[in-house]
Amino acid sequence: MGTRLGALVERLGGELVGDANLEVTGIAPLTDAGVSHISFLSNSKLRAEALQSKAAALIVSAADDAFIAAGYGGARIVVKNPYVYFARAAQYFEALTALRPAPGVHATAVVADSARVAPSAHIGARVVIEDGAVIGEDAVIGAGCFIGREAEIGEGTQFFANVTFQARCRIGKRGIIHSGAVIGTDGFGFANEGGVYIKIPQVGRVVIGDDVDIGANTTIDRGALADTIIEDGVKLDNQIQIGHNCHIGAHTAMAGCVGVAGSAKIGKYCTFGGAAMVLGHLTIVDKVHVGSGSMVSRSILEPGQYTGFYPLAKNADWEKSAVIVRNLSAMRDKIRALEKIIKTKTENEES
Amino acid sequence: MGTRLGALVERLGGELVGDANLEVTGIAPLTDAGVSHISFLSNSKLRAEALQSKAAALIVSAADDAFIAAGYGGARIVVKNPYVYFARAAQYFEALTALRPAPGVHATAVVADSARVAPSAHIGARVVIEDGAVIGEDAVIGAGCFIGREAEIGEGTQFFANVTFQARCRIGKRGIIHSGAVIGTDGFGFANEGGVYIKIPQVGRVVIGDDVDIGANTTIDRGALADTIIEDGVKLDNQIQIGHNCHIGAHTAMAGCVGVAGSAKIGKYCTFGGAAMVLGHLTIVDKVHVGSGSMVSRSILEPGQYTGFYPLAKNADWEKSAVIVRNLSAMRDKIRALEKIIKTKTENEES
Amino acid sequence: MGTRLGALVERLGGELVGDANLEVTGIAPLTDAGVSHISFLSNSKLRAEALQSKAAALIVSAADDAFIAAGYGGARIVVKNPYVYFARAAQYFEALTALRPAPGVHATAVVADSARVAPSAHIGARVVIEDGAVIGEDAVIGAGCFIGREAEIGEGTQFFANVTFQARCRIGKRGIIHSGAVIGTDGFGFANEGGVYIKIPQVGRVVIGDDVDIGANTTIDRGALADTIIEDGVKLDNQIQIGHNCHIGAHTAMAGCVGVAGSAKIGKYCTFGGAAMVLGHLTIVDKVHVGSGSMVSRSILEPGQYTGFYPLAKNADWEKSAVIVRNLSAMRDKIRALEKIIKTKTENEES
Chain Y
225 MGTRLGALVE
235 RLGGELVGDA
245 NLEVTGIAPL
255 TDAGVSHISF
265 LSNSKLRAEA
275 LQSKAAALIV
285 SAADDAFIAA
295 GYGGARIVVK
305 NPYVYFARAA
315 QYFEALTALR
325 PAPGVHATAV
335 VADSARVAPS
345 AHIGARVVIE
355 DGAVIGEDAV
365 IGAGCFIGRE
375 AEIGEGTQFF
385 ANVTFQARCR
395 IGKRGIIHSG
405 AVIGTDGFGF
415 ANEGGVYIKI
425 PQVGRVVIGD
435 DVDIGANTTI
445 DRGALADTII
455 EDGVKLDNQI
465 QIGHNCHIGA
475 HTAMAGCVGV
485 AGSAKIGKYC
495 TFGGAAMVLG
505 HLTIVDKVHV
515 GSGSMVSRSI
525 LEPGQYTGFY
535 PLAKNADWEK
545 SAVIVRNLSA
555 MRDKIRALEK
565 IIKTKTENEE
575 S
Chain U
225 MGTRLGALVE
235 RLGGELVGDA
245 NLEVTGIAPL
255 TDAGVSHISF
265 LSNSKLRAEA
275 LQSKAAALIV
285 SAADDAFIAA
295 GYGGARIVVK
305 NPYVYFARAA
315 QYFEALTALR
325 PAPGVHATAV
335 VADSARVAPS
345 AHIGARVVIE
355 DGAVIGEDAV
365 IGAGCFIGRE
375 AEIGEGTQFF
385 ANVTFQARCR
395 IGKRGIIHSG
405 AVIGTDGFGF
415 ANEGGVYIKI
425 PQVGRVVIGD
435 DVDIGANTTI
445 DRGALADTII
455 EDGVKLDNQI
465 QIGHNCHIGA
475 HTAMAGCVGV
485 AGSAKIGKYC
495 TFGGAAMVLG
505 HLTIVDKVHV
515 GSGSMVSRSI
525 LEPGQYTGFY
535 PLAKNADWEK
545 SAVIVRNLSA
555 MRDKIRALEK
565 IIKTKTENEE
575 S
Chain E
225 MGTRLGALVE
235 RLGGELVGDA
245 NLEVTGIAPL
255 TDAGVSHISF
265 LSNSKLRAEA
275 LQSKAAALIV
285 SAADDAFIAA
295 GYGGARIVVK
305 NPYVYFARAA
315 QYFEALTALR
325 PAPGVHATAV
335 VADSARVAPS
345 AHIGARVVIE
355 DGAVIGEDAV
365 IGAGCFIGRE
375 AEIGEGTQFF
385 ANVTFQARCR
395 IGKRGIIHSG
405 AVIGTDGFGF
415 ANEGGVYIKI
425 PQVGRVVIGD
435 DVDIGANTTI
445 DRGALADTII
455 EDGVKLDNQI
465 QIGHNCHIGA
475 HTAMAGCVGV
485 AGSAKIGKYC
495 TFGGAAMVLG
505 HLTIVDKVHV
515 GSGSMVSRSI
525 LEPGQYTGFY
535 PLAKNADWEK
545 SAVIVRNLSA
555 MRDKIRALEK
565 IIKTKTENEE
575 S
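Protein chains in written order, with my numbering: chain Y, 225 to 575; chain U, 225 to 575; chain E, 225 to 575.
It is worth saying that the hints were derived from the structure and are not from the lab. Just so it is clear, the structure is predicted and the values come from calculations on it, not from any experiment. Any given hint might turn out to be false.
Copies of the same chain look alike in the list, so a pair counts if it works inside one copy or between any two.
Here are the simulated DSSO-like pairs of lysine-lysine, each with C-alpha atoms no more than 30 Å apart in a straight line [as the list claims (entries may be wrong)]:
1) K304 / K511
2) K569 / K558
3) K538 / K558
4) K269 / K489
5) K269 / K423
6) K564 / K544
7) K269 / K544
8) K489 / K278
9) K544 / K558
10) K304 / K269
11) K489 / K538
12) K511 / K538
13) K423 / K489
Okay, chain Y solo, but in the shape it has when bound (with noise of 0.2 Å):
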């Protein structure tokens, strides 16, 4: 179950210095890696932690390289990033050991005549397949999904169980979805007259570029008229709740609990840090941060670091300080009281 240092090594690149014959079983992280592990150091802080791992070969960059070769007596994987070689490492690691789904049918899913499956698609157990439904080479559609009426899952993507994903969705390639995501629900839109809320009928799709990981729980709602678009590399956490008609682009990471109103459109290579919440109807530019915890309320046109929480105390020493919070304005009137006196005074002074 293990391969030789010199295979990863020709699979991943890297420069080997030690025996490339080396039997490896796994990656771990450097104090729990044991002797037939491989380990990585990602981090110069840990440079100590790296000489007494009893890993048998280190991932390393060349700078940190430089102090380990001379203590530490394993092999060493000299690379540009280890921390991205060790999620290939590991990536490689499991795909030797991961059950690869059988191609075919289960015997217990419903399947729609009109639905075409591709022959080396998985359909586990108890999915459901509507009608004209389109499943791609080498997909894997998890025990119990629902898969609706003419959706689109892309070639070599996979669906935990349970996943629910209406119908004329689309999802590209390589993708995956995690247990109990809800995809193409209809947005939450209502016209109201006296009081009282009229539906309006959500005939948008969300559709989902290539690459794109969504989480346990998420739900992402179909556009009302036009779409909800989900462009390339995408990765979002659990628990996200995504609205109609939002657009969020390449390669943006959501933690989770992350919430975001409809229609906002979300630049690329953006990250929302836990429970963020952005509200409707907003532009975020590309390569904008949005700390855990903080209400984006407004458009954000400049890339940056954005945060906007309440800072944690004692209860005591909170309940004093949100007084004073609620009551600010009385407090800037007491200043611009000072304010004026000490003027009047020193303009007293100085007449």
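Knowing the structure of chain Y, use the given hints to seat chains U and E on it.
The following block gives chains U and E in isolation, referenced to the frame of chain Y:
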């Protein structure tokens, strides 16, 4: 797949100015509309776009029509509230093309003998319906839904795929529950004995009125002893959590990610922005509007708009302001000290 | 369907004052209780309601009983902690009427040959259990659940309908997982190479202790290399997100919508109010209580109550205070300037 303008107006009202025999195929925003579309002008600021629209017909208010009539060559439907009319027209077009699921029980559904399913109801693939449940006429239960023992689903109510509706809960007529929603799970009720939690059985129900929409992955807990109540016309977006024994008044709407803790009593015609939170056992009167990301920590006994979130800033600026917020009482003390000094000085000068 | 008071007290303890042969059918709040109900007085402020209660018997503390005995005609059960006793009595009544699902595997369940299901376990309709999974004695797996490869479910643990429990994860004895919860999804782990995310395989597990309750639509990510750990007696409400490699100490409770980012280490006997958020890689010691809507952005190394949310206000007032919060450093500078002027003046006067 389209309709004549005259047929639309006959059904929905409004004053048609133009050719009643014109064929239209759907509805689209002003700038996207093609020559076979209807569009609508619900915001007078968009008058210029309306004049440029290629739409075959425009839905306009009388006030806007005075302006539009002069410069727009297509037909006009003059109505009181163009946005409400748009919603109804969109429903009209959707009804022309929507695939209404056929009545009957799918062969793979598991329906208890003692359950009563109306003949006109649709029960999808893999649905499970337990003992004594009642499914009303024209109800649609999507694939993979679970309907617990003695639950009741009203006439014309639709569940999308993979809804969980627990024992003894009920929903009225014409409701919609989206995928992944869980209704009637146990409330979070425990007694604590020496640090260890003892579960309090949750034996109430969730009782939902007519015309209620519930979003994807939203959860509503059953009551502990009494019931959790959702009145008529309530609209809940995705990812909302409603605790046990809450009471939500008619025609109240909540945007995504809202949380309401147990036993909160919320009035009618309220609105809650995304990720607003309400603590337990509070009372909120009718017509209260709570902004996104705001925490309601006390009862609100006066209608109006309420807000409370930390304003977003560039991270460096936020760090500065957050440090001061944390120490606002020190700032207040400094101001008091200054006031005292000034007061003493002034008194000295005057004496 | 009821019980004799004597039988209840024999089972649960407490001192009965009154007729042991009295038949009671259930438990109800003071004001709702009818003549066949037991009620409870857990808050001395409700003594007046207790005296008016129609309940056949009251659960009271010794302190309250001195007061109640004089004016209340029904039976009393005098106990140390009436609320805990209420919880146990409610469990007792529920057990009398609860429909215990029958042992056995439903005909529509898909159970791998290599899975081991205890004979006393109940496996509901449409359940999927994959290779090598182990289901303990008296476990109840509700309809539509998915149990991944080599997962382990302990004795007496109950999954409500539509739970997803991924490969190799485990939960101990007497646990409850509510509908829509997803346990063991991949953590949100990526290396970033030139703006593009490279997935880090998540090969750890979720390991859950005994007596753990997990709410509806809650998600817990599996560890990246090591495991995510949930210790005994933890209670998680609905819509919670726990990131990969978190460690949550025994008997900690979290209310709805809480989010905990990856690798956070949380102590025992902590509580988290609704929508509280914890950043990644933090440490929180035992007996920390975090208020609702509060963001924990640093480690908490001292037990106590912590809070941090922006106080709600009428929108117009919030707008005023928010503008000032944004510019607090300007206000601080003004105060400093005033202090300096005053200081100079005072020095001048004294010189």
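Now for the hints, and whether the structure bears them out:
1. K304 / K511: within (24 Å within a copy, 44 Å between copies)
2. K569 / K558: Close inside one copy (16 Å) and across copies (17 Å); limit 30 Å.
3. K538 / K558: both (27 Å within a copy, 22 Å between copies)
4. K269 / K489: Classified as between: cross-chain Cα gap 21 Å, same-chain 39 Å, threshold 30 Å.
5. K269 / K423: between (57 Å within a copy, 24 Å between copies)
6. K564 / K544: both (28 Å within a copy, 21 Å between copies)
7. K269 / K544: between (40 Å within a copy, 28 Å between copies)
8. K489 / K278: Classified as between; 26 Å across copies, 49 Å inside a copy.
9. K544 / K558: both (18 Å within a copy, 15 Å between copies)
10. K304 / K269: Cα proximity of K304 and K269: one copy only (17 Å, versus 55 Å across).
11. K489 / K538: between (38 Å within a copy, 19 Å between copies)
12. K511 / K538: For K511 and K538, the Cα distance is within 30 Å only across copies (13 Å; inside one copy 35 Å).
13. K423 / K489: For K423 and K489, both the intra-copy (24 Å) and inter-copy (25 Å) Cα distances are at most 30 Å.
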